[in-house]
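Protein chains in written order, with our numbering: chain C, 1075 to 1343; chain H, 94 to 438; chain U, 344 to 648.
Please keep in mind that the hints were generated in silico from the structure rather than gathered at the bench.
Values in this document were obtained by computation on a predicted structure and should not be read as measured data.
Backbone N, C-alpha and C fix where the C-beta goes; we use that ideal spot for every residue, glycine too.
Any given hint could turn out to be false.
[Claimed, not checked] Cβ-to-Cβ under 10 Å is the rule here; a few derived chain H residues that face chain U:
id : residue
1  : 157
2  : 161
3  : 181
4  : 194
5  : 250
6  : 254
7  : 258
8  : 378
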Amino acid sequence: MRRKSTAHDVKRYPGFRAITWATMVFLYGPIIVIAIYSFNEIRSITVWGGFSLDWYIKAFNNDLIQRATMNSLIIAVSASTIATVFATFAALGMRGRRYRGKEAAFGLISLPLIVPEIVSAVASLVFFVLVGIPLGIGSIMLAHVVFCIPFAYLPINARLEGIEPYYEEAARDLYADGRQSFVHVVLPMLFPGIISGFILAFIISLDDFIITNFVAGPGATTLPLAIYGLVRTGLTPEINAISTMLLLVSIFFVTLSFLIGRWQARTQS
Amino acid sequence: MYFRRSLFAAALFAGALTLGGPAWAEGKLNIYNWFDYLPQELIDKFSKEHGVEVTMDTYDSNEALLARLKAGVTGYDVGVPGDYMVAILIKEGLLEKVQPNKLENYKHIDPKFVDVYFDKGREYSVPYQWGTTGFMVDTATYGGDIDTLKVIFEPPAELSGKINMLKDVNDVINMGLRYLGHSRCNNNPEQLKEVNALLQGAKKHWLSFNSDGAKEVLVSGDAAAGMIWNGFGMRARAEKGTLKYSYPKEGMTAWMDNLVVFKGAQNVENAKKFMNFMMEPENAATLTNFARYTAGVMGTEPFLDDELKTAYEVNPPEGVSMEFVPPCEDDVIRLYDRIWTNLLK
Amino acid sequence: MSAAVPPVRKERNNMRARAALMSPALLIIGGFLVAPLFVVLVYSFLTPGTYGGVIWEWTTDAYVQFLFEKDIFDETLIFSTAYLQIYSRSFVQAAASTAICFLIGFPTAYFIATRPAAQRNMWVLLVTVPYWINLLIRTIAMLFLVRDNGPLNHLLLSWGIIDEPIHIAYTNFGVGIGLVYSYLPFMVLPIYATIERFDFRLVEAAFDLYADRWTVLWKIILPLCAPGVIAGSLLVFIPSLGAFIAPDLLGGGKNLMIGNLIAMQFQASRNWPFGAAAAMILMTIVLVTLIFYARRQGRSTVRLH
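Sequences are here, hints too, so could you generate the full structure?
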């Protein structure tokens, strides 16, 4: 017998709804507050002095921020592109039934997720210095490719696992060779996975602070490094403005990736 | 074959990255400076006059600068280390001997800053700014006598828990040594043990360790007292009038930051042009008007803000004892580092 | 790879093609993560140079320094808990954050998973968004909110709830809040994933046997959702242990955690071997934790992300 009334709903626990709402307030409160204060006309952090976009204009005109944004974009686009290509290859290579070394390969790919970031950071620094790779945009990009690979790999692999081999078998029955069936059948089906992999890698690269902080060199200040530098001097409304813009960028990409995920789920079923 | 090809691709990719180091070319200058220590106005002026593209990164302590250089970070051309750090960098072979004493504007240097202990005859460095390291108190919070280090180490109730310290091993330990009446660069274990105990005991009164934010933390009111350099303090007072710079009776550190060229710099000629540019009295005055310390070259007076002529922070009262502190011996440095790590944990 | 190729060769070709496809990713990770970790291991047995870098003389000093301290007085080695304290404080801090994340994360995940399917996606998105927002920005936002003169204290003061600002920023408590705030979504999402698949007929059966609500939660739902809880705990615990940003910003640089201790050795303190040793010890703790859980829960349950 199913109990339908709320009082006897077997799934319901009193207080859980309240906790969930509290969690949401906790998660969103600080970022909403910082966004609101970024429009405060006066410098004060407690008093509201009227609506203004001054801090945004100031942030836009800040040379350091402009350069850092450029650097961040260059690094994030290249690192996530390379990582996505490599991750796609790896997912294709590891596809299918079990074989010797599959678990080891998977372990190696997920290693960047397991190693604490601070350890990866000092390891990269020490290694780059030891083998003589100059610190700068190049070293940051290289370090980013490493930790972006697993983030790109996971959605691609998840999608690939959902593509049953009989699609390719069907293509072969129609006299497509391996290449043709891959290009015309597997790749298009894999595409949404590749896109979400790319987006995740892109956000992760754009946001990274700790590893970048260690392997950055002259003129290679990224946006998070610039923001950290500003914060160390104190919280100003300009930082609130920059933060809010970055928040919007992240939210945009996450929502995009989420929508792609839903579309993917629909096309798969 | 596939395997070999992709190996090759990976190797090529790695190779391409190693080549893409920091940019150097005709017309570039990479500056490594303290935060908020060079006005954009001067960078723009230098860029325009010499057709040089300037990039600048920042650090927050002499030790951080040293650590980056020792970590093998290359690509910076000029830096602004403090006096004792110049001595260490010369000793470690990290500076280029560019002989700024042969530059055209060298003649403007104040003679008393030519034969300095860290660079006799100025073979490596030219003065940037000099000043003192002290602390400020918000007189709206605490009205008592502030010209004593007691305010920092045994603060009155109003200030307890509202003190920001500079994130600088030497400045903090030297302050402790002065408070206890011991000499600087001290390797006397008994006395260092006292310093250690003093710092450990005082830590509970301290809010944070922050150098870059030394001004902001006072202006925002998060801290009511804080270590600060005099010029930075003057800028803090401009934003919050109740702040007052202290001239502790126990004495204080004077320091001089200097422009230097790093070993292996890619743009030595531009670096020398920049040194020469910064010794020009008008430019030195522009820097001083921004940073609010004191220039090491003469002839800046006509270009200086009136306020600097009377400001309390740069015009110490009679009888204040100020000293430059040379670098200590290796064993003392190690002991200091140990006390410092011990303090921060 | 045409049909005419004999099976054995086809198999070999197949393996080669696999290797070729996997090699770029594996080589990059091997060359630029595994090799660097090995270098760190080597460095942890070298001698520090006075002003940074390493001197190639083998020693275990870095590890000895971890447990013992040369007395400032007389150079004798005495057992010292100073560094152990940093590790144990980090451990407690990370464990407490994990526990708090669980206490608020589980009900949240449960509530979301029991919404009608149409609402569920919306809730999941709401939890996911902060997960992808820049950690630095989120920590700054939290610091902004809770500082002594910040909006939170201002609000509480003006409502008359408190007479004096509560000190949250620059305390261990502040760091704790920062850690929970940083990693809470890592706890909610895996738990949500297990509850969503949970078969509620079991609960109905339990009710039919007159179990009360909380007994059902404790005896049936929780144990069956253990894999999600464990995955979530690991995802919160491991990054908390090595956290750098929260202790640095919310702790005011005053109370070090492991991450800051390691960073400091490569920055102002310039003791690379000790920093390397500290990193290796952290790595070991993480691996032991992972293996411990993997052993206890069986292989399939420990799946990061």
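Evaluation of the provided hints:
Look at residue 157 of chain H: its Cβ gets to within about 6 Å of chain U, closer than 10 Å, so that hint holds up. Hint on residue 161 of chain H holds. Least Cβ distance to chain U is approximately 8 Å, under the 10 Å limit. A cut of 10 Å between beta carbons decides the hint on residue 181 of chain H: the least distance to chain U is about 7 Å, and the hint holds. Annotation: residue 194 of chain H was flagged as interfacial toward chain U, and the flag is violated, the nearest CB pair being 26 Å apart, outside 10 Å.
The criterion of a C-beta within 10 Å of any C-beta in chain U is not met by residue 250 of chain H, whose closest approach is roughly 13 Å, and the hint is violated. At its closest, the beta carbon of residue 254 of chain H sits 7 Å from a beta carbon of chain U; the interface hint therefore holds under the 10 Å criterion. Because the beta carbon of residue 258 of chain H sits about 9 Å from the nearest beta carbon in chain U, less than 10 Å, this interface hint is met. Because the closest C-beta pair between residue 378 of chain H and chain U is about 33 Å apart, greater than 10 Å, the hint is violated.
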